[in-house]
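So the sequences go chain by chain: U and G. Under numbering that gives the first Met the number 0, the first residue of the first sequence carries the number 0, and numbering increases by one thereafter. Under numbering that gives the first Met the number 0, the first residue of the second sequence carries the number 0, and numbering increases by one thereafter.
These aren't lab readings, by the way, just hints derived from the structure by calculation. Glycine is no exception: its CB is placed at the ideal position from the N, C-alpha and C atoms. Among the hints, erroneous ones may be present.
Stated by the list, open to error - Among the chain G residues that face chain U by a calculated CB cut under 10 Å, a handful are:
1) 22
2) 37
3) 59
4) 92
5) 95
6) 161
7) 165
8) 198
9) 204
10) 227
11) 352
12) 376
Residue strings, one per chain:
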Amino acid sequence: MHPALQGLITIIIGVGGCVGYFFFSNYLLDKFLLPARAMTAEQTALRRSLGTIFLFAVPALLVLALYVTAIGVGSIASAGGMFWLLVAVGLIFGLWRLKDFVFASGPTTAGHNISHANMIRPWLFLAPAILALGLYLTYPVFETLRLSLVQRNGGVGFGNYTFMFGEQKFWEAMRNNMLWLIVVPAMSTVFGLLAAQLTDRISWGSIAKMMIFMPMAISMVGASVIWKLIYESRPVDVEQIGILNAVWVAMGGEPQQWLTLPVWNNFFLMIVLVWIQTGFAMVILSAALRGIPEETVEAAIVDGANPFQIFFKIKVPQIMPTIVVVWTTITLVVLKVFDIVFTMTNGQWGTQVLANYMYDKLFRANDWGTGSAAAMIIMLLVTPILVWNVRNARKEMR
Amino acid sequence: MDNIAGHKSSLTWAVHLSVAFLVILWLFPTVGLFVSSFRTADQISSSGWWKALFPTEQNLVIRGASPTDQAQIDGLYVIEGNIFDGRAIGDIAHWGTSSREIDAYKPGDVVELNKGGTITLGEDGTYRMENTEEFSGSRGQRIFFTATTAPEFTTANYEFMLFDPQNSEGMSKAFFSTLTVTIPATIIPILIAAFAAYALAWMEFPGRALLIACVVGLLVVPLQLALIPLLKFHNNIGIGKGYLGVWMAHTGFGLPLAIYLLRNYMVGLPRDIIENAKVDGATDFQIFVKIILPLSFPALASFAIFQFLWTWNDLLVAMVFLIDSSGETTVMTKQIVEMLGTRGGDWEILATAAFISMAVPIGVFFAMQRYLVRGLLAGSVK
Chain U
0 MHPALQGLIT IIIGVGGCVG YFFFSNYLLD KFLLPARAMT AEQTALRRSL GTIFLFAVPA
60 LLVLALYVTA IGVGSIASAG GMFWLLVAVG LIFGLWRLKD FVFASGPTTA GHNISHANMI
120 RPWLFLAPAI LALGLYLTYP VFETLRLSLV QRNGGVGFGN YTFMFGEQKF WEAMRNNMLW
180 LIVVPAMSTV FGLLAAQLTD RISWGSIAKM MIFMPMAISM VGASVIWKLI YESRPVDVEQ
240 IGILNAVWVA MGGEPQQWLT LPVWNNFFLM IVLVWIQTGF AMVILSAALR GIPEETVEAA
300 IVDGANPFQI FFKIKVPQIM PTIVVVWTTI TLVVLKVFDI VFTMTNGQWG TQVLANYMYD
360 KLFRANDWGT GSAAAMIIML LVTPILVWNV RNARKEMR
Chain G
0 MDNIAGHKSS LTWAVHLSVA FLVILWLFPT VGLFVSSFRT ADQISSSGWW KALFPTEQNL
60 VIRGASPTDQ AQIDGLYVIE GNIFDGRAIG DIAHWGTSSR EIDAYKPGDV VELNKGGTIT
120 LGEDGTYRME NTEEFSGSRG QRIFFTATTA PEFTTANYEF MLFDPQNSEG MSKAFFSTLT
180 VTIPATIIPI LIAAFAAYAL AWMEFPGRAL LIACVVGLLV VPLQLALIPL LKFHNNIGIG
240 KGYLGVWMAH TGFGLPLAIY LLRNYMVGLP RDIIENAKVD GATDFQIFVK IILPLSFPAL
300 ASFAIFQFLW TWNDLLVAMV FLIDSSGETT VMTKQIVEML GTRGGDWEIL ATAAFISMAV
360 PIGVFFAMQR YLVRGLLAGS VK
């Protein structure tokens with residue numbers, strides 16, 4: 000089947016399935032299970048027996064079948080088997096309670112039905128999202144943790160980590176990641192702030208902003224091709240077609256293979272990400288700068304402050320929270336940086352970074368243990384930001 | 000802002016200049032590749048793209064017509080032709096017949112050939128070889144010349160990369176593959192997230208705050224962690240590598256941002272509208288479909304653009320979940336990476352391929368920039 004057709008069918012099935020799920024589950028709840036009217040004991044008894052079949056018996060059998068096929072009856076005695084058995088029993092018990100909650104015995108009032116329906120409805124709305132988030136983001140965190148602790152000999156321990164810490168390439172990746180973490184957020188934020196402040200003051204500022212912002216739309220692979228042309232190097236006696244070497248030669252230098260120069264090549268890769276991320280920093284910071292109350296700036300002018308003092312002493316302190324947000328957002332991008340290194344140097348010549356190291360281990364060396372350990376290091380580096388974000392969000396909710 | 004106090008800053012011109020400098024600096028790399036994609040391989044390798052806008056001098060060599068084409072005119076054996084072969088390349092500055100002296104003669108000079116006979120090359124590129132005896136050999140005379148070439152651009156690269164059925168590296172298949180990945184991977188998470196966001200914004204239930212905290216936490220979980228567990232999972236349930244897997248993966252990875260953006264937007268909608276509708280007897284489902292969804296259009300559009308750009312430009316997820324060893328379903332980003340390996344110096348191919356893959360996101364970017372900015376602001380400013 001042609002993939003485009005397959006895609007179209009998937010869109011229809013996927014979208015139709017989603018809409019259908021939301022529509023029919025709500026319809027069932029409102030019209031049949033818990034209608035907004037009183038029900039007699041006979042009506043509830045019929046619903047209760049139907050509900051016992053469809054809300055309890057069928058799903059419970061499914062859970063059991065899943066347990067038998069995925070875990071196996073033979074492994075009940077093992078720790079893993081025991082754990083999953085408890086999970087399965089818990090699920091079945093939960094289903095039993097849920098059935099009792101939805102299907103009351105005896106006559107019910109309209110108020111009872113409405114309040115019960117309103118307790119169930121949020122979970123109908125949330126179910127697909129919770130399922131997807133649990134399966135595609137939460138479960139992998141724990142599974143990766145488990146894989147990283149399974150050693151080559153099959154035992155459990157920190158073997159993968161000690162092996163990884165003994166590898167020179169890992170420390171190279173760590174060193175480079177730290178360099179990236181310092182340089183890219185700093186340069187993007189500084190350039191972004193500069194661009195935001197300058198473009199806010201001129202008539203053609205919005206066009207200028209659009210141009211600086213545009214690299215955001217370009218893939219990191221595309222950006223890598225763009226910058227590889229800039230770093231292109233040709234033999235001494237031939238005309239240089241990379242602008243960097245052309246300028247370098249015009250200034251009297253020898254043509255250089257920029258991407259193979261140790262240590263410096265890291266900075267040439269970082270420039271690509273700075274080029275992409277500056278637009279993001281600029282847009283956010285520009286909005287923050289506009290949000291500064293005019294009175295503070297006016298007061299400073301009246302007091303005789305010059306534009307530089309206004310910028311550094313009045314404006315920057317007021318947008319500090321936004322600068323922190325921009326900084327952390329770019330930090331997250333940097334921690335996961337993969338495409339640029341993979342495309343431009345593939346970690347050769349001392350440019351390895353964690354994400355590419357991990358990819359190497361997972362898919363080239365087929366060493367899942369070490370690869371998972373590397374992934375856990377990335378997770379560990381992200382965790383402080385995660386905690387900080389969650390705390391901020393909770394503070395806001397109050 | 001300086002105008003407030005009644006005097007215009009003397010720095011204004013400096014600001015204009017700095018912004019112009021920044022903009023040029025930021026555009027320069029992209030323009031370079033863009034210009035290169037409209038040049039031939041010879042042009043790219045003989046001069047930097049920044050010279051493409053001006054006439055350039057090129058050293059070229061061609062072979063004249065072979066002796067089998069010679070004609071007898073007035074008792075002389077003559078070979079005639081034009082080195083430009085109908086293509087207007089430019090003016091000839093000087094020429095030669097040996098690789099050691101490629102600039103020995105001027106246009107119009109009549110020169111003795113080693114093998115006997117004479118040759119002359121006119122400024123317009125016509126050459127004429129004369130001999131009293133028959134020209135021998137099977138190969139034509141080599142002519143070296145230096146020509147000043149007017150700026151010239153061609154769309155041949157695009158035709159070659161997009162429409163040439165002979166080209167095994169053509170981008171058209173990968174283009175459709177990328178499109179096939181992108182569209183479902185953009186639409187499905189929006190739908191799922193919209194319902195979840197409504198529940199998190201406007202419904203009361205125990206555990207709501209915890210769920211919101213979870214979503215915020217999951218926003219930053221690196222998708223690198225998900226690669227192996229999910230690949231294993233997909234293999235176990237029989238999906239393996241393919242479109243279905245990549246759609247599901249993109250849906251899962253895009254959901255936290257989608258829920259977060261949409262919830263933040265929906266919370267800000269006026270409470271009166273929703274409560275009035277409830278008083279009038281509307282169910283939550285009706286409120287959601289008839290009131291919340293239409294009002295949330297800006298937020299939906301913002302996320303749609305994010306997810307579209309992200310799935311279109313993605314490399315890692317496609318490599319892990321989609322592209323199998325047959326390479327039938329390769330996406331554009333992966334194909335470009337491969338071409339960087341196999342066709343490293345062929346910039347006309349690379350530049351064209353890169354621009355084919357960049358055209359759609361850049362178009363979307365310029366068309367819907369307003370929503371993108373709004374989404375960025377909602378997604379990161381707290």
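Going down the list of hints, with the structure as the test:
1. 22: Interface hint status for residue 22 (chain G): holds (5 Å vs cutoff 10 Å).
2. 37: 14 Å, violated
3. 59: It is violated, given that the least Cβ distance between residue 59 (chain G) and chain U is near 15 Å, above 10 Å.
4. 92: Where the cut-off is 10 Å and the nearest Cβ of chain U is about 17 Å from residue 92 (chain G), the hint is violated.
5. 95: For residue 95 (chain G), the interface hint is violated, since the closest Cβ of chain U sits about 19 Å away, which is over 10 Å.
6. 161: Since the shortest Cβ distance to chain U is 16 Å, the answer is violated.
7. 165: 22 Å, violated
8. 198: Hint on residue 198 (chain G): holds, closest Cβ of chain U at ~4 Å, below 10 Å.
9. 204: 4 Å, holds
10. 227: 6 Å, holds
11. 352: Holds: closest Cβ of chain U sits about 8 Å from residue 352 (chain G), inside 10 Å.
12. 376: Residue 376 (chain G) check passes; min Cβ-Cβ to chain U is 5 Å, inside 10 Å.
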